[in-house]
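Enquirer: The primary structure of each chain is shown beneath.
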Amino acid sequence: MGRQTLDHLDALESQSIFIFREAFNRIEDLAMLWSLGKDSNAMLWMVRKAFFGHVPFPLIHIDTHYKIPEMIAFRDQLAKDWNLNLIVGSNDKALAEGMGPDKGRVNCCTALKTNGLKKVVAEGGYKGLIAGIRRDEEGTRAKERVFSPRGENAAWDYRDQPPEFWEQFNTDIPPETSLRIHPLLHWTEIDIWRYIAREGIPVPDLYFAKDGKRYRSLGCAPCTGSIESTASNVQEVIAELEATRVPERAGRAQDQESEDAFERLRVEGYM
Amino acid sequence: MGTITKLHADRQPLKITFVGHVDHGKSTLVGRLLHELNALPEGKVEAIQAQCKKRGMPFEWAFLMDALQAERDQGITIDTARIWFSTDQRDYVIIDAPGHKEFLKNMVTGAAGSDAAILTIDAHEGVQEQTRRHGYLLHLLGVKQVVAVVNKMDLVDYSEERFNEVSAELEDYLGKLGVTPDFIIPASGREGDNIAKWSENLSWYDGPTVAQSLDMFADGATAEDLPLRFPIQDVYKFDQRRIIAGRIESGTLKVGDVLNFSPTGKSARVSSIEAWPENAVVSTACPGQSVGITLDEQIFVERGQMAAPVDQTPIETNLVKARVFWMGSNPLKIGNRYKLKLNTTEVSAEVVKIEKVIDATNLSTTEGDEVTQNSAAEVVLRARSVIAFDDYAEHPDTGRFVLVEDYTIVGGGIVVANKSQVEIKSKNITAVEHKVSAESRTAMNSHTGGVLWLTGLSGSGKSTLAIELEKQLHLRGFQTYVLDGDNVRSGLNKDLGFSPEDRNENIRRIGEVANLFADAGFIVISAFISPYQEDRDGVRAIKPDLFHEVYIEADVPTCEARDPKGLYKKARAGKIPEFTGISAPYEAPVNPELVVPTSKQTVGESLEFLTRYVDETFVADGKSKKTA
Numbered sequence: 001m002g003r004q005t006l007d008h009l010d011a012l013e014s015q016s017i018f019i020f021r022e023a024f025n026r027i028e029d030l031a032m033l034w035s036l037g038k039d040s041n042a043m044l045w046m047v048r049k050a051f052f053g054h055v056p057f058p059l060i061h062i063d064t065h066y067k068i069p070e071m072i073a074f075r076d077q078l079a080k081d082w083n084l085n086l087i088v089g090s091n092d093k094a095l096a097e098g099m100g101p102d103k104g105r106v107n108c109c110t111a112l113k114t115n116g117l118k119k120v121v122a123e124g125g126y127k128g129l130i131a132g133i134r135r136d137e138e139g140t141r142a143k144e145r146v147f148s149p150r151g152e153n154a155a156w157d158y159r160d161q162p163p164e165f166w167e168q169f170n171t172d173i174p175p176e177t178s179l180r181i182h183p184l185l186h187w188t189e190i191d192i193w194r195y196i197a198r199e200g201i202p203v204p205d206l207y208f209a210k211d212g213k214r215y216r217s218l219g220c221a222p223c224t225g226s227i228e229s230t231a232s233n234v235q236e237v238i239a240e241l242e243a244t245r246v247p248e249r250a251g252r253a254q255d256q257e258s259e260d261a262f263e264r265l266r267v268e269g270y271m
Numbered sequence: 001m002g003t004i005t006k007l008h009a010d011r012q013p014l015k016i017t018f019v020g021h022v023d024h025g026k027s028t029l030v031g032r033l034l035h036e037l038n039a040l041p042e043g044k045v046e047a048i049q050a051q052c053k054k055r056g057m058p059f060e061w062a063f064l065m066d067a068l069q070a071e072r073d074q075g076i077t078i079d080t081a082r083i084w085f086s087t088d089q090r091d092y093v094i095i096d097a098p099g100h101k102e103f104l105k106n107m108v109t110g111a112a113g114s115d116a117a118i119l120t121i122d123a124h125e126g127v128q129e130q131t132r133r134h135g136y137l138l139h140l141l142g143v144k145q146v147v148a149v150v151n152k153m154d155l156v157d158y159s160e161e162r163f164n165e166v167s168a169e170l171e172d173y174l175g176k177l178g179v180t181p182d183f184i185i186p187a188s189g190r191e192g193d194n195i196a197k198w199s200e201n202l203s204w205y206d207g208p209t210v211a212q213s214l215d216m217f218a219d220g221a222t223a224e225d226l227p228l229r230f231p232i233q234d235v236y237k238f239d240q241r242r243i244i245a246g247r248i249e250s251g252t253l254k255v256g257d258v259l260n261f262s263p264t265g266k267s268a269r270v271s272s273i274e275a276w277p278e279n280a281v282v283s284t285a286c287p288g289q290s291v292g293i294t295l296d297e298q299i300f301v302e303r304g305q306m307a308a309p310v311d312q313t314p315i316e317t318n319l320v321k322a323r324v325f326w327m328g329s330n331p332l333k334i335g336n337r338y339k340l341k342l343n344t345t346e347v348s349a350e351v352v353k354i355e356k357v358i359d360a361t362n363l364s365t366t367e368g369d370e371v372t373q374n375s376a377a378e379v380v381l382r383a384r385s386v387i388a389f390d391d392y393a394e395h396p397d398t399g400r401f402v403l404v405e406d407y408t409i410v411g412g413g414i415v416v417a418n419k420s421q422v423e424i425k426s427k428n429i430t431a432v433e434h435k436v437s438a439e440s441r442t443a444m445n446s447h448t449g450g451v452l453w454l455t456g457l458s459g460s461g462k463s464t465l466a467i468e469l470e471k472q473l474h475l476r477g478f479q480t481y482v483l484d485g486d487n488v489r490s491g492l493n494k495d496l497g498f499s500p501e502d503r504n505e506n507i508r509r510i511g512e513v514a515n516l517f518a519d520a521g522f523i524v525i526s527a528f529i530s531p532y533q534e535d536r537d538g539v540r541a542i543k544p545d546l547f548h549e550v551y552i553e554a555d556v557p558t559c560e561a562r563d564p565k566g567l568y569k570k571a572r573a574g575k576i577p578e579f580t581g582i583s584a585p586y587e588a589p590v591n592p593e594l595v596v597p598t599s600k601q602t603v604g605e606s607l608e609f610l611t612r613y614v615d616e617t618f619v620a621d622g623k624s625k626k627t628a
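Top to bottom, those sequences are chains B and L. In terms of my numbering, the first sequence has 56 at position 56, counting the first letter as 1, and numbering is strictly consecutive. In terms of my numbering, the second sequence has 305 at position 305, counting the first letter as 1, and numbering is strictly consecutive.
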């Protein structure tokens, strides 16, 4: 049946699809970051909608070796089921030298995630990276562009971001620089869950309560706390979020190390 | 930002931008409003308290949105921020835009695409430079619903007289832009007067509070009643389907509709609206929807074209009259070239006229031949090729554009011309001085010159493809010319017959002429059987770098079956001696630059082959079109 107007989720989805297609057309070497979390799974689902069942670029997962084991199992299963071109990257040098959260959470994130990512990107020669960040997650992400130019070494110059008029994105980039593309910027946490529910998108079971606890945001095991919850399925998660006023990344320890910890991480090239 | 929950799944939130001059209290107003509506995440107020204490300052609501360290330290908003909340009536996205002149581009980013705006004015300072500039930009960006808040009323002792002065000044300015504020509300963000609660201090005011005024905005407009506009984003061939992808900007699209594709003027019927997962059957699509369609005919379609109903097509021209807001640090000047991005088109455009320069802070207009940063102007741009768009007043979504200089978006604009004012003018002719370098020709044309030497049997499709390719390239602003039997045999080579020597000389001369054209910056498309490798190699030897041998591949049975001129029939009957493929040999190219197998694909597909090759080979700076 034809619809005459788009509902909220349809409008969000259509806008994201528009962004994926712009990125795919305008950027030669494109890849998508797949964190295995709910947002990047919803994003992957929308890529398949945008390209009619195909995923026409590689997916990059940065394995810090501190990830929760269930996440890796989820990744490998979905990669097989959906026939994905998956690139797993990690900063082996830093790991061999014993990098871990005990060396400072921000240091650890920078070494294992940011630098691990930079290594994969350099090896693959990617000029554009799609990342599933949202404006409602955290203050600095609220200030992001949909097409965000990154300088040499992937640095984010938040003081001098280009304007985005309507949906004419900044797709022209000088050599030696790259773009981050953020197709989920306009979504909120609850939008994502409602979309997951509507479309039946698979997510790791870690999001659902076991023994009175569940994860609201997924990251590395040492730095990701679970929350008290009885929400054991998608609908119950949505009901829980409708009632809560606790921010989503409250369980992510690296953000809380100092007032500007997350900002500093992001300026360096963190997602 | 923490998640502000309870947004509804079934309705779209209204997007409201808070704008106004620096230090007039936008961020404070937003913070206070969300606090009073009980929409802040847990722990947020405490976090702000700690941050203020660290800096030895009183509680600062602006820290809610000012997430960057530099913003808190300097007490100004640098970049736009967003926060979500809902009232009983509706869901909202609140966008806080910076008020500093230096960050106008960030204000634009926040305000573009908003459904409504709150313009904040300091009661003490009154209307200031950025108040006016933001007002101008709201008008340019198409944000029509505006509520003005005269803030910091506590600083003027809640004076009704002062409020009336500021209101009059504001209404005067906005009136000239054709913008009428829905309400002008006296308020104090810091003290909480008239934010969500009506204030005793302002008992002389009987209009809505700021919170109430939000609920009184109309819902975002939909462009459903306008004619269909479907700018093509890409063409996908991931599988056997050839899917034309894009987003519907206005109108509706249904299976069975006949669409005209501008500017080529080709039309075809919509066979299907494709979707994934496959079980999602779609027969109608509406504005805002990203879709993919298939057509009943394999016409040539590419990114930048616009599909519309055959009787309601957009404007097609290379002259664009527009109102622009200039943000570049280098001034916009007559004669300068910029990349014009409009819908999904990208084309080089020259500023041919500056009709007037507008000071966005007082709307005074002057004549001039340049436009400086943060000024507006009415200009005429000449695009290198014919493009399709609409008059902004009638069709906002497809009547606006940005200009790019080097790698940066330096201006935004809206089309102010209507169909009757614009006519297609001949292409720009620049006087050619004696020594014009190849580089300068390339820079002017945005492509290099060269010879596409189409070779193949009679009936293989050389002429058809040459003529179609010339047309496509011409529409896209390429300098191009076809050399074929018709224009060569009648003049240049009219002294030549069909003896082997004459045939040889015929090809040699064509080769020389083709190379002269190529040297002049043209993409020459030649369409001759040219059956002998030696002859073709001879042409290649003139300027090997410019020569591209293109084999139009179709075997004799295929060509004979087509036989468009009845030549094979005559040859079989012995009426044409030494007919290539029948009674004379054809030497297929040994190592051609491109092979176009016309017996295996449609003319449209072959044409795509050729245009892609041209994009990849001749386009100097632009990126080549990517293949799916």
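These aren't lab readings, by the way, just hints derived from the structure by calculation. Every residue, glycine too, gets a C-beta built ideally from N, C-alpha and C. Be careful, since some hints might not be right.
To be verified - Straight line, CA to CA, 25 Å or less: simulated BS3-like cross-link-like pairs of lysine-lysine:
1. B:Lys127 with L:Lys237
2. L:Lys237 with L:Lys569
3. B:Lys49 with L:Lys600
Unchecked claim - Here chain L is said to cover these stretches of chain B; the calculated rule only asks that three of the stretch's residues, wherever they fall, bring their Cβ under 8 Å from a Cβ of chain L:
4. 31 to 41
5. 128 to 141
6. 223 to 236
Enquirer: Hint by hint, note whether the structure agrees.
Expert: Hints versus structure:
1. B:Lys127 with L:Lys237: Measuring from Cα to Cα gives roughly 23 Å; hence the hint holds.
2. L:Lys237 with L:Lys569: Violated, because 38 Å separates the two Cα atoms, which is more than 25 Å.
3. B:Lys49 with L:Lys600: violated, 30 Å
4. 31 to 41: violated (count 0)
5. 128 to 141: With 6 residues close enough to chain L, the hint holds.
6. 223 to 236: Check failed, 0 qualifying residues.
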